[in-house]
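> Each chain, written out:
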Amino acid sequence: MERFRASLTIYTATWLILVGGAVLEAVFILNRIARWPELFVLGVSGFQASLILLFYMHLRDEPTSVKAMPVVTLLLLIALLASAITSVLACTPYIPG
Amino acid sequence: MLIEVALKGGLRAWGVVDVSEGYLNQVSRFLWRWLTTTNHKDIGLLYIVTSIYFFLVAGALGMLVRAQLSKPGNTILVGNEYNEAVTMHGLFMLLWFVSPLAFGLANYIVPLQIGARDLAFPRLNALSYWLYLVSGLIALVSFFAPGGTASAGWTLYAPLTSDIYSLGKGLDLVGLAVILFSASVTLGTINFLVTIVKMRAPGMTWARLPMFSWTIVFTVLLMLWAFPTLIAATFLLFLDRNFGTRFYESPLGGSYLWGHLFWFFGHPEVYILLFPALGMIADIVSTFSRRQLFAKHIIVLGLSLGTALSFLVWVHHMFITGIALEIRKIQSFTTAIISVPFEMTVIAMILTLWRGRIWYTTPMLFALGSIFNFIIGGATGVFLSSVPLDIAFRGTYWVVGHFHYIVAGVITFGLMAGLYYWFPKITGRMYNERLGKIHFAIAFTSIHLLYLPWFLLMDMPRRIYDYAPEWATFNLVSTVGALIFGASFLLPLINFTYSLWRGPRASDNPWNAYTLEWLTTSPPPRHNFEGEPMITSDGRVVFIAANGGYSHHVHVEHQTLTPFGIGLGALLFGLGLVYSPTLSTIFNLNVTLLSVVGVIVMVVSLLKWAWNDLLDKFTIPEPKVLEDWPLSGVDKVRSGVWVFLVGDIFLFGTLIGTWLFVRTRSLAWEPGYLSHDITIGLVNTFILFTATYFYLLGYLFIRRGSIAGFMLSMVMALALLVSFLLVKVVEWSHLVSVGYTLATGLQAQLYYTLTGLHGLHVLFGALATAYVIAKALRGGYTREEHKGVVEIGLYLGMVEMIWVFLFPMFYLL
Ligand code: HEM
Ligand SMILES: [Cu+2]
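For the protein sequence lines, the chains are B and X, in the order given. No gaps in the numbering here: position 85 of the first sequence is 85 in the numbering used here, and each next residue is one more. If you want the numbering used here, it's the position in the second sequence, counting the first as 1, plus 1000.
Everything labelled a hint here was simulated from the structure, so no lab data went into it. Worth double-checking, as some hints may not be accurate.
Stated by the list, open to error - Simulated pairs of lysine-lysine, BS3-like, Cα-Cα distance not exceeding 30 Å:
#1 X:Lys1198 x B:Lys67
#2 X:Lys1787 x B:Lys67
#3 B:Lys67 x X:Lys1636
#4 X:Lys1296 x B:Lys67
All chains should be modelled from the sequences, with the hints used to inform the complete structure.
See below:
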């Protein structure tokens, strides 16, 4: 019984924050409140994704190895994206002018 | 008559003999046995035989190439024919021979080495095999497509792969084959990772895990991270060619995009090819020097370092592009560093040999030859890690020499060593030792004749079918070497075929080896061991009488046709792309009769699979293991789902990366474009969040034993998931009606691709939820027993997580 209540509270709170986050994003971007829209959005989405991972996907209850999987995934993706983007920004041959 | 004799011989060899039965009866029993098997040893054999077949195909293509290059002015293969042969030689060797042979052996041997009864997911294993076979067949068939097969080189560089330069449907078939192959690999990844982590016999600690099994762990980790990227990259290529998108054709860096995606897969891929062979060599060297492997823990450490680093070196394949110098410098450095673990491995093996009492058998000779070739192949690779040197060597025969020493000299030698080594275990017969040694002697001498001249041809460009007279001598030498090298592989074919029937009986442990697979009979019984193997703390192996729990009878009812059905459907679908009457055409894609039939066969098989699950037909009890760190407390299925999710995130990560890549080239982002209707986006976001929420509520209810609450929540979740899809349909049709189509530009192409793929994921989520409801209706879930519910929840969580990024990407920014 206790466990049911506690889980229900966690799920509901997460759901509220997730929905709130999406609305917040929209309001901030539409009204041009965010100074750096890309970073702002990345921050909110990253936060939402962590909530989903931790509370919806129960990552907090999983052993360390499972916890490590998303982290490693993230690091590898960042490596790919960072080099790809910097190399595009810095490369010359294909961009006219 | 001859065929009948051969068939009967085959039937006898595979143990399907019953003289009292009619001939036709035997054939159908034979087919039934192999089409429905899920036993890891059967599947291992299927893999081994199939991969050897593709080895012969690829080898024949290689010989043709060498024949053309034997002297200047030849006309055996000219122009595009030559390009096709080179391209398909590379693809067949790398994708359809090396890894499948390694995983055929792994399928057979790894469960034995770790003391398990089978892989964690036997049906998935069968599916892996059928997808592999089908992908190879589709690649083969592409040769006969009008316009020929792929000819852009195994790297499939853009824009050579655009429909301007690669006409016809041949390349599309190859692309489909690559995607199916990658799907097969990804399933295998999940299977092997979970098996090795969760199913080791009690006492088979990580420290005691044999090297071959260790290298399979690292290989599947690499595969898990690399192959989804290849799937995504090839998927975009498929869209480019069939749906008119221009991801790789865009003059604004499209070819860069392919380069990054391909090599982010491609460099890890070379280690994927290498690692299993290294593992075999390590086990073999240890066995035949009668010593434990020297500094095994350091080798394992080195390999894990190599695994991690291999994702940070791909730019060494792009040194002469205009990539920022800083990045080239960094990756030049990481490339130089990454050779260190391999040098350590080689040194450790040499130190194992030192003072060992060496027994020169055929497998040992191949292992030693492989180590020798590794020194040449590795050293020439280090030259290439230097940016200035690579600028000179790039695209020359030096590079081709470098990787052929590795792929043929190290990997193929290693695989041969493995085949000879485990032949007695697998067949119960000894091969002919003298013939094996002759094979080694010829292969080892001719391989240098074949490849050493290529280093001297360091100024000759690769991928040309005719050349200046000054390169004639070395090319002729190389072709002579190729003839001998190629012919030498007839010897093992003869040797193995003959020995299968006539070879002397092999004892259980003919090599006096230490690892667990040698402690069972040759060939092993269907359930692998009599009793439960267990390793005591002082390293002795004991077999505890098997009673109850995990008995070998589990396997008997484990036959199923569904994996084969899915493979067959995929094959028909692929063939239909070219060889069937067209029903209608969507963009450039022909929807044909055969393709439609293929899809139907696939769907029916999948439904049958789900139905079997619904009836709990194939549940295997969790094996008893004492040590399963680092996945302790996570059952097999949940472990598998987590591994799958990581792969799937890589798939989306690659596509999101593509979005970023295009976005940063602001020139390509159509100016003045308004983002999509935010209201629709918000509504759908709300729907998706709520759907997952209800699904999880259902999970809470079933844990509490409240079936009514469970059903209600699940129905809500399903309804919401379906609404999400409906909103999507409305949104898309509105966009199309106002002229926002794939032809609009890169932004639209990305939008449809990403949200479409995500929508497909939502669809699968809805189907899975429907499955849960159906099973619940049959009373399949109780408070105590509700396996699978939480796993589908994990999947839905991931689908939601991806949307969290897609929403701002397309609706806000
Ligand atoms: C260990 C197994 C290895 C395999 C299977 C392998 C395989 C390959 C392959 C297939 C290519 C050709 C790419 C192309 O089509 O252009 C290549 C190129 C290259 N390899 Fe290796 N390699 C291995 C080891 C190494 C090592 C140890 C190094 C360096 C320390 C290295 C450095 C390079 C570099 C820098 C290139 C790029 C050359 C170029 O295309 O210009 N490789 N390797
Ligand atoms: Cu590389």
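> Now tell me, hint by hint, if it's right for this structure.
Hint by hint, here is what the structure shows:
no.: 1; hint: X:Lys1198 x B:Lys67; result: holds (17 Å)
no.: 2; hint: X:Lys1787 x B:Lys67; result: holds (21 Å)
no.: 3; hint: B:Lys67 x X:Lys1636; result: holds (16 Å)
no.: 4; hint: X:Lys1296 x B:Lys67; result: holds (28 Å)
Of the numbered hints stated above, none is contradicted by the structure.
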